[in-house]
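Dock chain B against the given chain A, drawing on the hints supplied.
There are 2 protein chains.
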Amino acid sequence: DAEVSTRKKTFAEVQTERLDQAERTVLIKCPSKLNEKKLLQYLSSHGNVRSHFFFENRGISALIEFSEKSSIASLQDAVGIPSASEYHVVPFKSRLFTFTLKKPVSQYVEETPLHLSPQCHIPVKDLIEKLCLADSVSSQMYILLNEYQLTEENIKLRFLACSLVQDFARAYFPDSTVKPFGSSVNTFGKLGSDVDMFLDFRDTGKHATKLKKGPFEMEYQMKRLPSERLATQRILSVIGDCLDNFGPGCVNVQKILNARCPLVKFSHQPTGFQCDLSVSNSIAIRSSELLYIYGCLDSRVRALVFTIRCWARVHGLTNSAPGTWITNFSLTMMVMFFLQQRSPPIIPTLDQLKELADEKDKHIIGGYDCSFVSDLRKIKPTKNTETLDVLLGEFFEYFGNFDFRKNSINLRK
Amino acid sequence: DAEVSTRKKTFAEVQTERLDQAERTVLIKCPSKLNEKKLLQYLSSHGNVRSHFFFENRGISALIEFSEKSSIASLQDAVGIPSASEYHVVPFKSRLFTFTLKKPVSQYVEETPLHLSPQCHIPVKDLIEKLCLADSVSSQMYILLNEYQLTEENIKLRFLACSLVQDFARAYFPDSTVKPFGSSVNTFGKLGSDVDMFLDFRDTGKHATKLKKGPFEMEYQMKRLPSERLATQRILSVIGDCLDNFGPGCVNVQKILNARCPLVKFSHQPTGFQCDLSVSNSIAIRSSELLYIYGCLDSRVRALVFTIRCWARVHGLTNSAPGTWITNFSLTMMVMFFLQQRSPPIIPTLDQLKELADEKDKHIIGGYDCSFVSDLRKIKPTKNTETLDVLLGEFFEYFGNFDFRKNSINLRK
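Protein chains in written order, with our numbering: chain A, 1 to 413; chain B, 1 to 413.
Hints are not guaranteed to be accurate.
In this list, chains with the same sequence are indistinguishable; a pair is considered to hold if it fits within one copy or across any two.
Said to hold, decoys possible - Derived lysine-lysine pairs resembling DSSO-like cross-links, with alpha carbons at most 27 angstroms apart:
{"id": "1", "residue 1": "K354", "residue 2": "K380"}
{"id": "2", "residue 1": "K33", "residue 2": "K223"}
{"id": "3", "residue 1": "K29", "residue 2": "K223"}
{"id": "4", "residue 1": "K37", "residue 2": "K406"}
{"id": "5", "residue 1": "K102", "residue 2": "K125"}
{"id": "6", "residue 1": "K223", "residue 2": "K69"}
{"id": "7", "residue 1": "K362", "residue 2": "K406"}
{"id": "8", "residue 1": "K102", "residue 2": "K223"}
{"id": "9", "residue 1": "K265", "residue 2": "K413"}
{"id": "10", "residue 1": "K223", "residue 2": "K103"}
{"id": "11", "residue 1": "K378", "residue 2": "K354"}
{"id": "12", "residue 1": "K362", "residue 2": "K380"}
{"id": "13", "residue 1": "K406", "residue 2": "K265"}
{"id": "14", "residue 1": "K383", "residue 2": "K265"}
{"id": "15", "residue 1": "K130", "residue 2": "K190"}
{"id": "16", "residue 1": "K255", "residue 2": "K190"}
{"id": "17", "residue 1": "K223", "residue 2": "K255"}
{"id": "18", "residue 1": "K8", "residue 2": "K383"}
{"id": "19", "residue 1": "K378", "residue 2": "K265"}
These are computed hints drawn from the structure, not numbers from a lab.
Pulled out of the complex, with its shape left as it was, chain A reads as follows (with noise of 0.2 angstroms):
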């Protein structure tokens, strides 16, 4: 099916094609009581659109994918500045718009409800019973992961969010692109969790040695600094300020760019995620391919993350405010640990997936060799058959009885 088809992919090739979906994308703000099929009558004179969704956030919003980019210019010359006395508008024309039926009340109106797709959660209670109705342990780690990983408009909300801040990064560097990496594309991440996206320039330099083999060399003049960081730094800054005064929706906007990792930090308010904009992290988006491969290898090992997390957050073992606590970050970490652990592994060790790893999955940062096999294809299904009720007891067992003064974990090994 469908969703197996999409893990079988390699991380960049579902990056790839998620950003480019992002780029055909708008965003809608509709009223309540609308016509579904007048409006995509509509938007279809600019194009064939290729999917679509309603969710709710600050009222109700339509997630349109248009099938060519090229609609979306189309859209934006139709559509109108808002105008009234009462206040000015900056003049910013992203892909966010707001669609208003006229009075009096048109074939446009629609008493039917909308489907809306959910973009958070279900409540606790709500879990709690429908796990009471599970015939097992299995059962209920299975529904515990179903009820709160993202669901596919999530993600393409959450690469929506990217694309709209890379259109403003677009604007001075065209070469750059927007990315989310870390709990959006890792596959362990929940309903309701930040956006953590990078802005890349890796592109940008691909012209850097061109034109050298003539007499003269002709180069940009371009702002010189003394370092990277620097650069970083006053990038992240103007893109913060632009997204402040110009992005329609962004809110508490954020620089922090004295940490050791300078970012941004913003609400956006469209989308309705709390997103993180740093500056291209090789480590951050090795872990992230790291993770996803993980995931997608076999279902039990994001079921019990899921559950795992599930059960420190509940006994206070993690927290979302600042403290020493320990991090889910860590946890999953413990988790593939484990299972690599088991007797046959469920999943391989980092050296094993080394091993499979061809001359274009090789990465050395920092000196540091991160190279491994992006193809899943590649990694032989593993013939253990434990249970995740088994798993669940294990996990216990093991790091009950893990002598952590003596031993580290280590999933290199």
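Frame of chain A; chain B shown alone:
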């Protein structure tokens, strides 16, 4: 000749032509010993070069005007990004380039010095020498005008400075334009004067009323602010930061946002201009056009203005330092009024220019009728044949006997 045919164009025509020209123009830093033909030969591989000149400004630079705008994209695609271990660049790709010759010195080196187009007026000492050789006061006044007025090349450079700032504004506001106003365009500018430029959003609103005929409205989501002034401040602030952080050679950027007319001041090293960027001010544009018309009507107008301003400066009546001096603008108004009072008048009153205005010349600003004719051919040449020596003497006579306590001057009459 070309000068006369330029002079007969309307202010709007000249502005449009110059802005278009500037958008097809790039600036290249060059080594001082350069084979001009070889450079042009290389550039012509990207398209036909319509005009070019060299000038000195922190080294040698070439202004290159292509026939087609597409040549710039072609050139930009071929140009490299500077790279060195001792600095990091902000990869903003502008129309400012550096051309360097590689060692060993090649056929691109030329011992014949390049012809450099002067961008500042001759020293006063040299001017006085020239004036001493003239056979009349009239001739001296024309010499002064010719030495001090903006050259064709200097005007091109001013429009280029605006066009480069426009690239920044258009990154976010594709319909915006940045245009020079005041002395850069009113025919009364002196070499070395600042470039006053404004950011114009007037075209942005053109689609505002579209789509309103259907049963619904589709609008952009945009940042809303309680006043136009606040929107202006926000936009200028961000563009100021962009220039400061991304603009090659944009230095000493000062944001003066709480002034009556919010502005951003900066030094633009590549063109050598001190620039003031503000937001479209209809009155300032009309003033520029009115002076343009007066300056074009009769060659004596500009010669007399340049002479009076030079005299006032030498006698300490005007000063570039802040203070309660009379301004060059006021002196210019005095000359205009004086020329309207001659018998027969040398220039028409504003009311006479208004009578000649047609429908498209209509401008009502803040309730005031600021209409006047734009087509210079509609204005009858003066029958007055007084020489400049006579007019200069009469000017001093007129204002020497003017009762400033009882009377005031009014160009409208």
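We went through each hint and held it up to the structure:
no.	hint	in the structure
1	K354 / K380	within (14 angstroms within a copy, 87 angstroms between copies)
2	K33 / K223	between (52 angstroms within a copy, 25 angstroms between copies)
3	K29 / K223	between (40 angstroms within a copy, 15 angstroms between copies)
4	K37 / K406	neither (65 angstroms within a copy, 75 angstroms between copies)
5	K102 / K125	neither (41 angstroms within a copy, 73 angstroms between copies)
6	K223 / K69	between (33 angstroms within a copy, 25 angstroms between copies)
7	K362 / K406	neither (33 angstroms within a copy, 88 angstroms between copies)
8	K102 / K223	between (50 angstroms within a copy, 23 angstroms between copies)
9	K265 / K413	neither (36 angstroms within a copy, 60 angstroms between copies)
10	K223 / K103	between (54 angstroms within a copy, 25 angstroms between copies)
11	K378 / K354	within (11 angstroms within a copy, 82 angstroms between copies)
12	K362 / K380	within (20 angstroms within a copy, 79 angstroms between copies)
13	K406 / K265	neither (39 angstroms within a copy, 64 angstroms between copies)
14	K383 / K265	neither (44 angstroms within a copy, 70 angstroms between copies)
15	K130 / K190	within (18 angstroms within a copy, 81 angstroms between copies)
16	K255 / K190	within (25 angstroms within a copy, 44 angstroms between copies)
17	K223 / K255	both (21 angstroms within a copy, 19 angstroms between copies)
18	K8 / K383	within (19 angstroms within a copy, 88 angstroms between copies)
19	K378 / K265	neither (39 angstroms within a copy, 60 angstroms between copies)
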